[in-house]
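Engineer: We have chain A already, so just place chain B on it with the hints.
Chains A and B, in that order, give the protein sequences.
With our numbering applied, the first sequence corresponds to residues 1 to 179, in that order.
With our numbering applied, the second sequence corresponds to residues 1 to 124, in that order.
It cannot be assumed that every hint is accurate.
To be verified - In silico negatives: residues of chain A with every beta carbon more than 10 Å from chain B:
| id | residue |
| --- | --- |
| 1 | 3 |
| 2 | 14 |
| 3 | 56 |
| 4 | 78 |
| 5 | 81 |
| 6 | 86 |
| 7 | 95 |
| 8 | 164 |
| 9 | 165 |
| 10 | 172 |
| 11 | 174 |
Stated by the list, open to error - Result set (SDA-like, lysine to any residue): computed pairs, CA atoms no more than 25 Å apart in a straight line:
| id | chain 1 | residue 1 | chain 2 | residue 2 |
| --- | --- | --- | --- | --- |
| 12 | A | 95 | B | 124 |
| 13 | B | 54 | A | 116 |
| 14 | A | 121 | B | 80 |
| 15 | A | 95 | B | 78 |
| 16 | B | 54 | A | 81 |
| 17 | B | 54 | A | 22 |
| 18 | A | 95 | B | 120 |
| 19 | A | 121 | B | 14 |
| 20 | A | 81 | B | 10 |
| 21 | A | 121 | A | 148 |
| 22 | A | 121 | B | 10 |
| 23 | A | 95 | B | 51 |
| 24 | B | 54 | B | 78 |
| 25 | A | 121 | B | 120 |
| 26 | A | 121 | A | 149 |
| 27 | A | 81 | B | 51 |
| 28 | B | 54 | A | 121 |
| 29 | A | 95 | A | 109 |
| 30 | A | 121 | B | 124 |
Derived from the structure by calculation, the hints contain no laboratory data.
This one's a predicted model, so the numbers in the text were calculated from it and none came from an experiment.
Just so it is clear, CB atoms sit at the ideal spot from N, CA and C, and this is done for glycine as well.
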Amino acid sequence: MTDHAPRLPLDDLSFSVLVDGPLDGPIAAFAAAAVRASAIDPVLTEVIRLRCAQYHDCRLCGSLRVQDALDAGFDESMQRKIGAHEQSDLAPEVKAALRLCDAMLMHPNDISAELRDEVRKYFNDAQIIEICVDVMKWSQQKALVALRVEPPVSSEHLTQLHFDDDGNPSVGEPIAGAA
Amino acid sequence: MELIGTETRAVLAAHHPEAAGEIANVEQALADAPLDPELLRLCQQYFAAALNGKAFARPAPGTRDAACIAFCEQFMVSVANVSDEQVNGLLSHCSGDEVYNLASAIYLIEMSKRLELTLARVLS
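Just chain A, with the same shape it has in the complex (with noise of 0.2 Å):
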């Protein structure tokens, strides 16, 4: 994990946008909206998740873990598997879903006619959108990444990460025997 210096300080924020930003309140309803959605697993949730905050480097990200993934079966070797999930043994739709992943946060442009059989092979429509929108939620950080103000929960474990039935998440307990 990355050290980084805040771009913006904070104290160069009003108390109004570091409160409640105009846009913070309606991109977290969106986000909110996106963790709702149950038409795919929720560890592959946590597998798009990671990987989004791998890609951008996101150290808020990084540091949790969604705990009902964690409830049912993921775990830090599947994670380590994420970064070069070509050469892993995750399971195909894993490998596919992580490719549509990819392709949207590097060129959708140029999503070919293969990968998109490989991804109606495993997901229907609702699945492919809920993934895309996943992806899409989980970059919500770029814009306090751009601006280094992800700082992680903490630099020595990793946290949990809960969502109530709303989608509104809140940081748990530490994991104990996970850093």
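Structural biologist: Just chain B now, kept in the frame of chain A:
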């Protein structure tokens, strides 16, 4: 401002209506935000061109618009490598509040264009 076109909006409304509704709310928030709508349109034109591999007429060097497009360019290629100079370039023309709000707006404009291009390719 509209972030997505009619076809993408219809696809989202059919399969992910909550997301479609929240994107409409975000569009309204962008219209109401204390940001120059001409600058947001310039960002949108930049991403539409760049993500489609088309040419883009760059603003005159040293201007607010040029600083904004330089920020957008790096934001699009690798946000992890945005530089202090690129942010300071914006701060030389805009307040801290404006830069914070602009970064959020640029995220919405860029990623909604990526969403639109991806869905058009994969669902077609």
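Engineer: All hints, please: hold or fail.
Structural biologist: Results of checking the hints against the structure:
1. 3: The claim stands: residue 3 of chain A keeps its Cβ more than 10 Å from every Cβ of chain B (closest is about 13 Å).
2. 14: violated, 5 Å
3. 56: violated, 5 Å
4. 78: For residue 78 of chain A, whose nearest Cβ neighbour in chain B is about 23 Å away, the distance exceeds 10 Å, so it holds.
5. 81: Since the minimum Cβ distance to chain B is about 21 Å, residue 81 of chain A lies beyond 10 Å and the statement holds.
6. 86: Nearest chain B Cβ is 19 Å from residue 86 of chain A, so the label holds.
7. 95: holds, 15 Å
8. 164: holds, 15 Å
9. 165: holds, 13 Å
10. 172: holds, 25 Å
11. 174: holds, 26 Å
12. A/95 - B/124: holds, 21 Å
13. B/54 - A/116: holds, 23 Å
14. A/121 - B/80: violated, 33 Å
15. A/95 - B/78: holds, 22 Å
16. B/54 - A/81: violated, 35 Å
17. B/54 - A/22: Violated: residue 54 of chain B and residue 22 of chain A sit about 32 Å apart, past 25 Å.
18. A/95 - B/120: holds, 21 Å
19. A/121 - B/14: holds, 21 Å
20. A/81 - B/10: violated, 36 Å
21. A/121 - A/148: violated, 39 Å
22. A/121 - B/10: Between residue 121 of chain A and residue 10 of chain B the Cα gap is close to 23 Å, so the pair holds against 25 Å.
23. A/95 - B/51: holds, 24 Å
24. B/54 - B/78: The hint holds at about 19 Å.
25. A/121 - B/120: This hinted pair holds, its Cα atoms lying about 17 Å apart.
26. A/121 - A/149: Judged against 25 Å, a Cα distance of about 39 Å means the pair is violated.
27. A/81 - B/51: violated, 28 Å
28. B/54 - A/121: violated, 31 Å
29. A/95 - A/109: holds, 20 Å
30. A/121 - B/124: holds, 14 Å
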